[in-house]
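Novice: Chain A is already provided as a structure; the job is to place chain B on it using the hints.
2 protein chains.
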Amino acid sequence: MTHHLPNSHDLALQARASQVIPNGMWGHMATRSIAAGYPQFFASADGCRVKDVDGNEYIDFMCAWGPNVLGYKHPQVQVAALAQMAAVDSGNGPTEVVVELAETLVSTLDFADWAMFQKNGTDATTACVTMARAGTGKRKVIVAKGAYHGAAAWCSPSLVGVMSDDRVHVITFDWNDIASLDTAVSHAGEDLAAILLTAFRHDVGKDQEEPSVEMLRKARAVCDSTGAMLIIDDVRAGFRLDVRGSWAPYGVKPDLAAFSKAIANGWPLAAVAGNDRAREGASKIFTTGSFWYGAAAMAAGLATVKILRDTDAIAHTRAMGDRLRHGLDGMARAHGFTLRQTGPAQMPMVLFDGDVDLRIANAFTVAALRHGIYLHPKHNMFLCAAHQPEDIDRALEAADLALRDIVAAGVVPT
Amino acid sequence: MTHHLPNSHDLALQARASQVIPNGMWGHMATRSIAAGYPQFFASADGCRVKDVDGNEYIDFMCAWGPNVLGYKHPQVQVAALAQMAAVDSGNGPTEVVVELAETLVSTLDFADWAMFQKNGTDATTACVTMARAGTGKRKVIVAKGAYHGAAAWCSPSLVGVMSDDRVHVITFDWNDIASLDTAVSHAGEDLAAILLTAFRHDVGKDQEEPSVEMLRKARAVCDSTGAMLIIDDVRAGFRLDVRGSWAPYGVKPDLAAFSKAIANGWPLAAVAGNDRAREGASKIFTTGSFWYGAAAMAAGLATVKILRDTDAIAHTRAMGDRLRHGLDGMARAHGFTLRQTGPAQMPMVLFDGDVDLRIANAFTVAALRHGIYLHPKHNMFLCAAHQPEDIDRALEAADLALRDIVAAGVVPT
Chain A
8 MTHHLPNSHD LALQARASQV IPNGMWGHMA TRSIAAGYPQ FFASADGCRV KDVDGNEYID
68 FMCAWGPNVL GYKHPQVQVA ALAQMAAVDS GNGPTEVVVE LAETLVSTLD FADWAMFQKN
128 GTDATTACVT MARAGTGKRK VIVAKGAYHG AAAWCSPSLV GVMSDDRVHV ITFDWNDIAS
188 LDTAVSHAGE DLAAILLTAF RHDVGKDQEE PSVEMLRKAR AVCDSTGAML IIDDVRAGFR
248 LDVRGSWAPY GVKPDLAAFS KAIANGWPLA AVAGNDRARE GASKIFTTGS FWYGAAAMAA
308 GLATVKILRD TDAIAHTRAM GDRLRHGLDG MARAHGFTLR QTGPAQMPMV LFDGDVDLRI
368 ANAFTVAALR HGIYLHPKHN MFLCAAHQPE DIDRALEAAD LALRDIVAAG VVPT
Chain B
8 MTHHLPNSHD LALQARASQV IPNGMWGHMA TRSIAAGYPQ FFASADGCRV KDVDGNEYID
68 FMCAWGPNVL GYKHPQVQVA ALAQMAAVDS GNGPTEVVVE LAETLVSTLD FADWAMFQKN
128 GTDATTACVT MARAGTGKRK VIVAKGAYHG AAAWCSPSLV GVMSDDRVHV ITFDWNDIAS
188 LDTAVSHAGE DLAAILLTAF RHDVGKDQEE PSVEMLRKAR AVCDSTGAML IIDDVRAGFR
248 LDVRGSWAPY GVKPDLAAFS KAIANGWPLA AVAGNDRARE GASKIFTTGS FWYGAAAMAA
308 GLATVKILRD TDAIAHTRAM GDRLRHGLDG MARAHGFTLR QTGPAQMPMV LFDGDVDLRI
368 ANAFTVAALR HGIYLHPKHN MFLCAAHQPE DIDRALEAAD LALRDIVAAG VVPT
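Residue numbers (the working numbering), protein chains in the order written: chain A, 8 to 421; chain B, 8 to 421.
With the rest of the complex left out, here is chain A (with noise of 0.2 angstroms):
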């Protein structure tokens, strides 16, 4: 089966968009940042499976861009979540369900004492460096260069309605370096509030890479020595590598934590837990919103952890993702490409060999629309609980025919 595409119901849809909202569509899901030819709007999203407004089906690698993790529409969260809403979603205050949550999360991750929910990633971790500043007092927050932290002022990717002023108290320092963050920290010198670092380094467009142990004891004994709190923003990787915390394997504890996208499987949610170290100034701080005790979310949340604490969800996501990786592998070197595969393999990057500007990545990518597969050019994609070896393998021959048709077309390696 072939997809056409874009088809007519979401240029349709693409057209009526352009007049009410600006730009046709705003942020990280507007289509036109990546390749034409991507579909704009969705209809309908089951497991690892996607369909456009135009009934073309694929199988799915960004997972929402992060917040799908078991599969979508998993059967034990939505009825969590569900029961909840039937019973109060927004009232005058939390349900139970915040309690047996913050209990969860307390109980399942390797470093925290307390927790606090939000809606947004950038909620949590504005709210991490503010807690941060408010518990020692001080200004400075070192983070690396090029990292996304969230679409605030002092951390946006774009200084359009940004002022200076917004970031003076921000340090960059290049990931991995610990002479560079050596010197961020001397920049800082009595003023550090916090250092602040994705789980790994994730970049859009670039190799990712994994936090050397060396960084992160060095980051964590800065910290220590000065006071200040080492916080992750374990936002786009939060409970897709390691339930107890992505840095848990290099046995590396942060003193706060930013968590969001699969927390709740796609329902709203973001927390930060923290350690009793940040809990002064996780006290001292007024931070709220409208939706942020919503119980349904919570519930779906809920529901999330314990059924990636106490399943082999997370193994068997990384086996797919292994199995796609060294399938592409094999087949693109087949083709006569060279991929540059980095990351984990539950959150892959793609990259060829080369392709400064993405021309053999927008084609192959689009390509693979065609072919019922819905891959990003230059975001690290995400795999979920509900691909199984099967729907890997029919990915994997949906890969090969666009990889032979962009060859067809002149499309060649670099």
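All clues stand as given, with none of them false.
No copy labels: a pair is met if it fits in one copy or bridges any two.
Result set (PhoX-like, lysine-lysine): computed pairs, CA atoms no more than 25 angstroms apart in a straight line: (1) 152 to 291; (2) 152 to 260; (3) 385 to 291; (4) 313 to 260; (5) 225 to 152.
Everything labelled a hint here was simulated from the structure, so no lab data went into it.
Specialist: Positioned in the frame of chain A, the structure of chain B alone reads:
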């Protein structure tokens, strides 16, 4: 029926929460910020009634602090949202409903040419300010002293963890004071990006105050002559006072508006709506969130806005608010108290005259809880379309008993 509060299950949950949540609860729904005796945790909500975790039922006048506008779990809204949820909520992109909702806002609001969607009220107010700065290339934002525009660093009511740099371009003036507004405008000089005003003055613990037409016209004229953006923060009042936008009755149109709370009857959604003057700024900024494309909340929003537009829900709610207000007024007088009741009837602020330390308000609202109505001692309250005359009359009987109780307990008018 008399409730005994707080009860055992609530207290047990509070004790558990204090271990795993800083301060036991965060933000505006933390009951420690109001009178002792309030239940912190709720079990269910239906129409205009809420039930706490000990099974005590209340006629509710907080409406989840604003989100409940049609009645908790309004059937049409729930059916629409759950049908969308059964297809897809968060996917790889938005669904058709984002276009329908934007089109519906454009055709319903009296000033809007486009819309965008978020999750928190703070997301929407912050996006408006960023859009204004991006569109004008200027930095200063004028706001009324003491107004709440969200929990972000640039506007948070708390300065803990916030730096002076975060607010260096925010200028305040006194609500409805033209001379004060003039001074603020002069202070902004050539650098004015926006004037940002709530729909009406609804500061906590203060008499509410309508905007004077003079102030709104002045703000509009300043924006017209300088190129700045006039922004209405309609997060709290939007879709409760006037479906066209809360300034429609004054004949003054904003360039940008922030909505949240009532827009989807409790489902987590926020929106920015703007005119073509503001479109350029909106097109240039980067603003996004993991769940901002979630279709279920948008389907809830579409159903909610259509009901508010096509029925007498708002007029009915206003009539119920008037009924409550007039009843309370006479009743308080009969017990020797003088009430100061201000603001729109759908969002009443009820203060006891001379009650500077809220001693009377706290005693009254806690006594009212015991008689089965949920009121707030110092925040504006909310009515919804599910309130019926018999609910109001029942609430008035409870208020009468509560006033009798506090007089008997020696709480006397000041």
